[in-house]
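**Student:** Each chain is listed here by its residues.
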Amino acid sequence: MTVEDLQELAEQEQQRQEKFTNRLMYCAAAGCVSCGSINVRDMLKKALAEKNLAATVEVVGTGCMGLCGEGPLVKVLPEGTLYQRVDETVARKIVEEHLVTKTPVKDNEIDTSHPFFAEQMKIVLENCGRIDAEKIEEYIAVEGYAALARVVTEMQPAEVVEEVRKSGLRGRGGAGYSTGLKWGIVRKVQSDTKYVVCNADEGDPGAFMDRSVLEGDPHRILEGMAIAGYAVGAQQGYIYVRAEYPLAIERLRLAIKQAERLGLLGNRIFDSQFNFRIDLRIGAGAFVCGEETALIRSIEGRRGRPRPRPPYPSEKGLWGMPTLLNNVETYANIAPIIRKGSTWFAAIGTPKSTGTKVFALAGKIRNTGLIEVPMGISLRKIVFDIGGGTPEGTEFKAAQTGGPSGGCIPAAHLDVPVDYESLSSVGSIMGSGGMIVMDSTSNMVDVAKYFMDFCKDESCGKCIPCRVGTVHIHGLLERIAQGKATTNDLPLLEELCMMVKETSLCGLGQSAPNPVLSTLRFFRNEYEELLQEPATFVPSGTDTPPTTH
Amino acid sequence: MKPKVATIWLGGCSGCHMSFLDLDERLIDLADKIDLVYSPIADVKEFPRDVDVTLVEGAIASFEHEELARLIRRNSRFVVSFGDCAVTGNVTAMRNSLDLDDVLHRSYVELADTTPRVPRDYPTIAELMKQARPLHEYITVDAFIHGCPPTADQIWSAVTELLAGKKPELTHVFLRYG
Amino acid sequence: MAIVTLTIDGEQLSAQDNESLLEIARQHKIEIPTLCHLDGLSDVGACRLCLLEIEGSNKLAPACTTRPMEGMVVHTNTEKLKKYRRMIVALLASEGNHQCSVCMVNNHCELQNLAYDTGLLYVRVPYLYPNKVTDASHESFIIDRDRCVLCTRCVRVCHEVEGAHVWDIAGRGIDCTIVADLNVPWGSAESCTSCGKCVLVCPTGALVKKGESVAEMEKHTDFLKYIVTARRKGEWISIENEEE
Ligand SMILES: Cc1cc2nc3c(=O)[nH]c(=O)nc-3n(C[C@H](O)[C@H](O)[C@H](O)COP(=O)(O)O)c2cc1C
Ligand code: SF4
Ligand code: SF4
Ligand code: SF4
Ligand code: FES
Chain A
1 MTVEDLQELA
11 EQEQQRQEKF
21 TNRLMYCAAA
31 GCVSCGSINV
41 RDMLKKALAE
51 KNLAATVEVV
61 GTGCMGLCGE
71 GPLVKVLPEG
81 TLYQRVDETV
91 ARKIVEEHLV
101 TKTPVKDNEI
111 DTSHPFFAEQ
121 MKIVLENCGR
131 IDAEKIEEYI
141 AVEGYAALAR
151 VVTEMQPAEV
161 VEEVRKSGLR
171 GRGGAGYSTG
181 LKWGIVRKVQ
191 SDTKYVVCNA
201 DEGDPGAFMD
211 RSVLEGDPHR
221 ILEGMAIAGY
231 AVGAQQGYIY
241 VRAEYPLAIE
251 RLRLAIKQAE
261 RLGLLGNRIF
271 DSQFNFRIDL
281 RIGAGAFVCG
291 EETALIRSIE
301 GRRGRPRPRP
311 PYPSEKGLWG
321 MPTLLNNVET
331 YANIAPIIRK
341 GSTWFAAIGT
351 PKSTGTKVFA
361 LAGKIRNTGL
371 IEVPMGISLR
381 KIVFDIGGGT
391 PEGTEFKAAQ
401 TGGPSGGCIP
411 AAHLDVPVDY
421 ESLSSVGSIM
431 GSGGMIVMDS
441 TSNMVDVAKY
451 FMDFCKDESC
461 GKCIPCRVGT
471 VHIHGLLERI
481 AQGKATTNDL
491 PLLEELCMMV
501 KETSLCGLGQ
511 SAPNPVLSTL
521 RFFRNEYEEL
531 LQEPATFVPS
541 GTDTPPTTH
Chain Y
1 MKPKVATIWL
11 GGCSGCHMSF
21 LDLDERLIDL
31 ADKIDLVYSP
41 IADVKEFPRD
51 VDVTLVEGAI
61 ASFEHEELAR
71 LIRRNSRFVV
81 SFGDCAVTGN
91 VTAMRNSLDL
101 DDVLHRSYVE
111 LADTTPRVPR
121 DYPTIAELMK
131 QARPLHEYIT
141 VDAFIHGCPP
151 TADQIWSAVT
161 ELLAGKKPEL
171 THVFLRYG
Chain E
1 MAIVTLTIDG
11 EQLSAQDNES
21 LLEIARQHKI
31 EIPTLCHLDG
41 LSDVGACRLC
51 LLEIEGSNKL
61 APACTTRPME
71 GMVVHTNTEK
81 LKKYRRMIVA
91 LLASEGNHQC
101 SVCMVNNHCE
111 LQNLAYDTGL
121 LYVRVPYLYP
131 NKVTDASHES
141 FIIDRDRCVL
151 CTRCVRVCHE
161 VEGAHVWDIA
171 GRGIDCTIVA
181 DLNVPWGSAE
191 SCTSCGKCVL
201 VCPTGALVKK
211 GESVAEMEKH
221 TDFLKYIVTA
231 RRKGEWISIE
241 NEEE
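Residue numbers (the numbering used here), protein chains in the order written: chain A, 1 to 549; chain Y, 1 to 178; chain E, 1 to 244.
Just so you know, the hints here were simulated from the structure itself, not pulled from any lab data. One or more hints might be untrue.
To be verified - Straight-line alpha carbon distances no greater than 27 angstroms define the calculated DSS-like cross-link-like pairs of lysine-lysine that follow:
id, chain 1, residue 1, chain 2, residue 2
1, E, K132, Y, K130
2, A, K501, E, K209
3, E, K59, A, K501
4, E, K83, Y, K167
5, E, K80, Y, K167
6, E, K82, Y, K166
7, E, K83, Y, K166
8, Y, K167, E, K82
9, E, K210, A, K501
10, E, K80, Y, K166
11, A, K501, E, K80
12, A, K102, A, K46
13, E, K210, E, K197
14, Y, K130, A, K484
15, E, K59, A, K352
16, E, K209, E, K197
None of these values were measured; they are calculated from a predicted model.
Can you make the complete structure from the sequences, with help from the hints?
**Tutor:** See below:
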């Protein structure tokens, strides 16, 4: 495959698509599939056949279109009309009315000028809802692999690293470390063997950002990893993906095969000296295996337990070799950065948090689903404009970001810009992209307890503070929730939290107390209301009935 | 007025009290300084009020113990966990991970020499709780005397300091489990 | 390898940069409590008792796995560290079933000593009183999991020194347990050579010899020093090939 071949493939595919008068894009991501989008597809095809449109209208399954709460979703191209809650009846109407009589199905049409769409900005998810994830040609038709072609044929590895650094891109896996700096470190370490690893473990409860990208646009990850491989000097990549994502695994397998067939992975990519292969490694779904050192051990076939850093994986990673490890969404940003330039990317978001971030919006909010917003957008905009606010009759109370490692942001901080530094200044974190909205009906002690329950179950057990501390924090929260705790227990709870946070070995333990600490910071009264006074000495004469607990 | 001291025996083997008696001639000294208002070695029925220092031997093993603990807390200025069973649960708590019925059956039926019968069936005998647990898990405890049993010297040091109105300074020498 | 100068608890020292802060401190008679570390075995940084404060860093660093850097200023015994160490020991005590008075290593136990050194007057968190399996199927030894602090010294000595890899960890979080082979009774673990090294390195009464009675057993770990002198200073063992 040469650059020209790639160009030609892209044009062929574009021409093939132009032959259709319309393309009906139905959402084939997990959310819509679970509410019936496969039946919708069958009905669309059946209705098209009945109307003799099968040859001129194409039905295409795509990645997540975002508004998961209103699925199944169908988009009609080239108009771009988007339909929600499409069942078989509506599917038939889309063919018979929209396509044949040219009258849109008003009842199910979504107003795409609504802030849900208008406030979003799609880079990572640009192809979700736009291409068939199972066809490499469709990816190539939308400039897929053009960035890899350019990098391999026109740029020096150091230039690629520099471009990524200048973009300001920071790791989307949680910690927000500068991607360019990380690439630079791995590139500079002298070693014949280096590895590139994609962290697709996505273990946060309720998170499905990475999964949507993997299922909806798998080639984007392969391209990002190959570019990384070229930049740091690695020939082998691994994608560590959890076994709970069978569709993502299937799509990735297919995508790797397709890319190998076309010579976009393998030896002498674009006729250069650059060889790069990607293999999958399936994780058994332990949350801690998302931690980089545990993930590496797991790929090596050992027990997924973290180890102290330094040495960092960039110096000693997989099988002791320098290893670049990034998150799915981080890799998903690479191709656009190369295609459109670091200046373009750096102009999006805020100076220190550039680009966009994908969030899985859930909880007590009208529009739930997958959104991508420019960094620095206010939390208020996400909750009220994009999310449509809390349901009728309830009031916004807090937004939880960062899942079990994050915190709750109360209404008083609704105007906080969503960027790395601002979120941590209000006691939460950007995290990997979970965002749960809570309203006046949510109980904060229960929220903290829920996440602590998760962390105690997911602790690997290697270090004492996390293994035992999380159990006790959870137990204390339970006692508090049941009204059995005393005012002595609150300082104990806080001390335990600080201790687990400061002394645990890996990020799991270090961040596990965050949901408790942040709810204590903003909703302390909800804890205090549940506490009793401990019994004390009562001298005779001053007799008041002693409080018991 | 001499300080009022009480000692009580909950879920323990009485070894701590035996050790108390090991104070030997110091007991005479102590008897001059304190008023022993309640103790298994003194014949008083009701736990009195306004006790200055109460030493509690044993874990909280029955519902009766739990009630007593609260009474002790209300009636005492200083409550002391006296010996490892009160401090950690210790031997009394060895049954905790087992099923209570199994434990009772093993002890009172399988291993009985005569009249095998679980004492639970007698209404006069206190109902055991599922687990025996340390005193401080039920009430606020002011000081701890460790050991199984604590030595006479440990007891002496703690008691003299308590009577001087101080929390006993538990130096390395006296902090010992087992 | 290079020589660096650093300050530990106000004392200016010079050291080799491939030694751990723990080794350096101990060479200078500065005591840092440890549990998972044992001279002669790889370090895993798991118990967190040896944590130190390093000026300019907002994270506490384990002495056993941290290397010195030029100009580093280290504190080993701040109020915060003392408090956290005491809490760690309390968590350990709450996690198992420790009835010292009927334990074979009573008065010779590293966990007891840690409780004394950290001034653990009582355990503020509720005891968990877990239900653990004691296994006396081996002809010479017993594993009493009630006393196990999951330091993995047995796992490492068996893998790294004896080369048998009998022991490993099963389960996760609070349910972690030390298991022989693929979780079989120790007596039927075919890989066990009955060398007894694990028993000697075990800091508590979890691994004991049969036939000893309460408070009788004393452990000696110096044998390791002689076995592993050949592999000193990261020549054979280093944190990278640590295995558990
Ligand atoms: C307990 C734990 C779980 C983690 N899970 C994930 C995960 O599922 N996906 C991920 O990309 N990063 C996860 N991380 C962060 C990774 O360790 C690592 O920082 C990240 O993958 C680096 O990629 P980035 O620089 O692109 O963000 C986790 C960290 C911890 C401590
Ligand atoms: S913090 Fe928790 S998950 Fe991380 S190493 Fe320690 S026990 Fe394992
Ligand atoms: S192992 Fe140590 S702390 Fe545990 S019971 Fe035995 S002597 Fe006590
Ligand atoms: S058996 Fe002993 S050496 Fe092994 S992990 Fe438990 S306490 Fe450590
Ligand atoms: S001795 Fe360093 S962490 Fe255990």
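**Student:** Now tell me, hint by hint, if it's right for this structure.
**Tutor:** Hint check results:
1. E:K132 - Y:K130: At roughly 17 angstroms apart (the allowed maximum being 27 angstroms), K130 of chain Y and K132 of chain E satisfy the hint.
2. A:K501 - E:K209: violated (38 angstroms)
3. E:K59 - A:K501: holds (10 angstroms)
4. E:K83 - Y:K167: Between K83 of chain E and K167 of chain Y the Cα gap is close to 20 angstroms, so the pair holds against 27 angstroms.
5. E:K80 - Y:K167: Distance ~23 angstroms between K80 of chain E and K167 of chain Y Cα, so the pair holds.
6. E:K82 - Y:K166: Holds, at roughly 23 angstroms.
7. E:K83 - Y:K166: holds (23 angstroms)
8. Y:K167 - E:K82: holds (21 angstroms)
9. E:K210 - A:K501: violated (41 angstroms)
10. E:K80 - Y:K166: Roughly 25 angstroms separates the two Cα atoms, so the pair holds.
11. A:K501 - E:K80: holds (13 angstroms)
12. A:K102 - A:K46: Distance of about 19 angstroms is within 27 angstroms: holds.
13. E:K210 - E:K197: holds (14 angstroms)
14. Y:K130 - A:K484: holds (18 angstroms)
15. E:K59 - A:K352: holds (23 angstroms)
16. E:K209 - E:K197: It holds: about 11 angstroms lies between the C-alpha atoms, which stays within 27 angstroms.
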